[in-house]
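**Student:** One letter stands for each residue in the lines below.
Number of protein chains: 2
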Amino acid sequence: MAATDAVRTDDPTRRAPAPLAADPAVLRAFLDGPHAAVRDEVRDALVEHAALLDERLDLPRAELRRRVRDLVVEIGSSGRAAHGFPREYGGGGDIGASIASFETLAYGDLSVLVKSGVQFGLFGGAVLQLGTRRHHERYLPDVLTGRLLGCFAMTETGHGSNVQALGTTATYDPDTDELVIRTPDDASRKDYIGNAAEDGELAVVFAQLEVGGEGHGVHAVLVPIRRDGEVLPGVRVEDCGAKLGLEGVDNGRLWFDDVRVPRENLLDRFATIDPDGTYRSSIENPNRRFFTMLGTLVQGRVSVGGGAVAASKVAQEIAVRYALRRRQFEAGAGSEETLLLDYGMHQRRLLPLLARTYALSCAQQEVARRLHEVFSHDTPEADDRARRALESRAAGTKALTTWHASEAIQECREACGGAGYLAANRFAALKADTDVFTTFEGDNHVLLQLVAKGLLTDYSSDFEDLDQFGMVRFVTGLAVDTLVERTAAHQLLERIRDVLPGGRDSWDTEAGILDPDYQLAMLRFREEHQIAGVARRLKAGVGAGTPAGEVFSAVQDHVIAAARSHVERLVLEAFVERVRAEPPSPSRDVLAALCDLHALATIEADRGWFLEHGRLSAPRSKAITREVSALLRRLRPVALELVEAFGIPSEVLGARDLVGP
Amino acid sequence: MAATDAVRTDDPTRRAPAPLAADPAVLRAFLDGPHAAVRDEVRDALVEHAALLDERLDLPRAELRRRVRDLVVEIGSSGRAAHGFPREYGGGGDIGASIASFETLAYGDLSVLVKSGVQFGLFGGAVLQLGTRRHHERYLPDVLTGRLLGCFAMTETGHGSNVQALGTTATYDPDTDELVIRTPDDASRKDYIGNAAEDGELAVVFAQLEVGGEGHGVHAVLVPIRRDGEVLPGVRVEDCGAKLGLEGVDNGRLWFDDVRVPRENLLDRFATIDPDGTYRSSIENPNRRFFTMLGTLVQGRVSVGGGAVAASKVAQEIAVRYALRRRQFEAGAGSEETLLLDYGMHQRRLLPLLARTYALSCAQQEVARRLHEVFSHDTPEADDRARRALESRAAGTKALTTWHASEAIQECREACGGAGYLAANRFAALKADTDVFTTFEGDNHVLLQLVAKGLLTDYSSDFEDLDQFGMVRFVTGLAVDTLVERTAAHQLLERIRDVLPGGRDSWDTEAGILDPDYQLAMLRFREEHQIAGVARRLKAGVGAGTPAGEVFSAVQDHVIAAARSHVERLVLEAFVERVRAEPPSPSRDVLAALCDLHALATIEADRGWFLEHGRLSAPRSKAITREVSALLRRLRPVALELVEAFGIPSEVLGARDLVGP
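These protein sequence lines are chains A and B, in that order. For the first sequence, UniProt numbering assigns the number 1 to the initial residue and increments by one for each residue that follows. For the second sequence, UniProt numbering assigns the number 1 to the initial residue and increments by one for each residue that follows.
For reference, chain A alone in the conformation it holds in the complex (with noise of 0.2 angstroms):
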């Protein structure tokens, strides 16, 4: 084979295609989206704090705590955390605006954004989402200008991801009328709270209710931790210690003995404790009410996975913008060194990730669009569907954000040799802080599971409701015949051939490989494929009576893989009705051509899988791969443009050693 095959052409004027020309400012309002004022602002908040970033490689952890505190407090005091609240508490009743502000201070410090995301957004979201109007008047006034700083306090030491098996109970005495919190082992201690550590006051505790000696699930109750720094009685707090990052934030553990709240602590949106003791909720079953209850608060993640997207924009700049001064080795005898970003690899290593990322910003865009509308026309059991989807969206756009993060960072701090080591250079800290993200709010793999349930049922399966993980549980109670309809997946892979050049048959063959359409049908393709592949499995392995763990086990790189699937089809979806709509101009060229790379490397990236379910012939797949070195070469005279189209201000990317002055 090696002697036959034909030499690749290599000519980068193959198709002499017109030299592309960006606008940072057009690339930049096509990023920053609706709320490019609001970015704006947060922005030259970060210039004012933006000395921190230098402080803090020097400051003991407790200083640092200290600093990060006070700058939380200041963004409070200052409204810049209040856009999502609702106007009657002080708040800009405009969800989008927050999701805004918070990708943007992302930028900046991440012990600050991890920290305010905790305060405003988990502690403040909890008292908003799942209490009533006197929760509100009394502590949200407080909560959003930062006079009151509280702890989400759900996960526990021994169920993270499993948060309806927690251990925490909370019991209705109805001697006194008060809740009794309490923490019946080490195992149901509350742990890696952010703010638990030592600036809690008030925490929202996730417990399981028992009235009447009757378990009701886990529900949301306030307890008071704190009194002017003072640990209160019955309260027991540890330190969570030195972590891998994030060391801004003071991460604790809660032991509760029989603390006594008044009934009315209880966060009774969903359920209440009338004063006779009896207990009430609006949503009869108790899974379905624990879901609704927790997909209230699915801001958290939309903000987590925006805030992924913002730090590897940082390391990104400051990748691109050294490849673009630094010189090593001479091209011949005599000459000048070449710039990193004219060699080949170097490109093929910092482009696609570039890519990668405007079509990460335009899905997360979207799934902010989307919480927005959700929540601003709320009325939580109004429409299930709409809600189950937005949930699944979150879940699998936080999972792809994360994961690039910790990938696109990883790649430029060694695209950055030694002096990527350097703290001072930015990439420790991006690294470090990032890192949990993967996990928290959820571990991503447990959040592609999510995505492939909600996929497999339709987002209308009631018998177990969206359970975070479950998907043992799930096939358990799986009726065949819920699937059965699912797999009829493939007559839409007819009609996506109906509608593509070369009608049903040769679609994939013809098409242009620069298609849009096409592009979109190959990911589309795989995404019904696995998701119906996946049905099959799990009806075959149930229907042969094969034990559901064993079942599920054989199955769920298959669960996730789907899931995977379909999450980067409604990215590659995002980034292209986006370019779609963008006026002509020589920059829409330049997110068309970015466009096409990022389609093209996530197919060549599973070529493989393309290969072998007859999608993609070998010359096919070679010219695949030669389309994308053609890009690279097309967009590395823009790369600059690209990356300052983020906006990020000078002061705040600092790493002078890296990008110069």
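Ranges between beta-carbon positions, derived for each pair:
| no. | chain 1 | residue 1 | chain 2 | residue 2 | range |
| --- | --- | --- | --- | --- | --- |
| 1 | A | Leu59 | B | Ala18 | 55 to 65 angstroms |
| 2 | A | Ser650 | B | Pro60 | 25 to 35 angstroms |
| 3 | A | Leu59 | B | Glu74 | 25 to 35 angstroms |
| 4 | B | Asp383 | A | Asp54 | 46 to 56 angstroms |
| 5 | B | Glu74 | A | Glu407 | 34 to 44 angstroms |
| 6 | B | Pro649 | A | Pro547 | 34 to 44 angstroms |
| 7 | A | Pro17 | B | Gly215 | 38 to 48 angstroms |
| 8 | B | Arg325 | A | Gly90 | 43 to 53 angstroms |
| 9 | B | Asp54 | A | Arg236 | 17 to 27 angstroms |
| 10 | B | Asp54 | A | Pro547 | 34 to 44 angstroms |
Derived by calculation from the structure, the hints in this document are not laboratory data. For glycine and all other residues, C-beta sits at the position ideal for the given N, C-alpha and C.
Given the structure of chain A, go ahead and fit chain B onto it with the hints provided.
**Tutor:** Leaving out everything else, chain B in the frame of chain A:
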């Protein structure tokens, strides 16, 4: 397609292979290799100093550095650093033992490892390899007992990988019979130099040697930089400050302002200045001289590779033990929750990494064995080809092991969820400290280019010699004929086919998937095909008159892929050979299964390429994926023994939260 695919069979008893049973002692002997006793000594020492692993979490940088320095000095005074040095200076004369010792040290704190490496490996190694008897006698006894701490001052801010272009000068002054060391500009300051910021007293400085107005290229000179803790006149030192990791190592920058040292301070094994001021070298060609000097320092790369594998073992043992304790989500109503490692996806995440770790351990032992052989029967000019092949193998193995370490540690950290993020559980340090391994002792991409160049020239070219990078120069100087011969690579493929079951045409469709000869032939085919392809593309580009820089840039990713494929083949070969040499036993069956898993996972990861190049059919490709899944289920019951075999003392493993008491 979706509806007509056969349902995949996931029945684990499909081939009913015998259950595996492993004896950790046998596996440990396999991994420890010929220097088990040396490794055990280091294990004992690590237990003695295990407290540092916890204490370091809260130590300020200055104090951590002191602790680390004291430990390095104690390693020296205990004689444990002397294995590789000649007996006449207090050493053990056993290079293999010194590698084994260094590797095992990597189970502990990695600042101690790296600072030891700087002191005994780089600094001591340079004095030994580049110096002559007078340097050995005067310095080695103090160096290898840790009484004289020193630096290896090669890298400059402006030049990392391209050492030949260093800016520091060493000018011979015949009037005073001295060498004058000068840093001409800030780009030429020595940067990231271990031991420079605080502890080093003597530095091996790499500088452009000028004698009588003539430049002779880079040479190494001994330059005192401190006495009794005080920086000497003419030397300027700056602390590199906070780093991503390895905070116990005092990296610094050095400037020399016409610092004068006696002529005898030139490390003059390969070139000397006579008393009359004449430059004289046994190696005429300056390039060849330079690369011969550098080549003697190959042990550094071998050490880093070994350290990376060992560090990844710590992460994997923690993650596997955690996955065998942690239960999450019950399999059915009321049943116990499922162990993480019983989830198929969790097996997919961890077990192929383990298999690869065993493979890389074998590859690493093979490099160490060859290093020992070449350097124990020593005349540097003797067998150039063997030396170059060793350098290439060391470079390639270092690239693969260090990337593997980054990947494995990251995956293991994620597989331990939130608890993995706490510094007490080891991952923080493992991640941060090993991160630089991918770029130090040579950036991995640059190293793979060195490998590719060796392959293209069959280690026999002398026109540019073994440059560390310089592929562009290489292409510029390309004699088309040089490559033609190499393009005969396909003849090798013919030979491979001849020896394989099924004969020339069908070997790849009829051979058993679990036949190591088949697996190796697949990797050999890929390697040869890619090297031949690179040769043809370079030839075509140069032949067409395209500027060398452009030709190289376009082919660079292909070059790196070819080099990687070569090293992958060496790795599998080393594993297969070691397993074949093992006497029959149940543990050998475990190793054989692990070797199959590694081989098939490697092929699976690049199945796109094999499908594109007609070496896999779609059904066979899918069969490989099924076989990988079957191997995961087979190996699951011996997972604990596979990590016990690393022989990491539990005090050193730490991470009690994760692995239990």
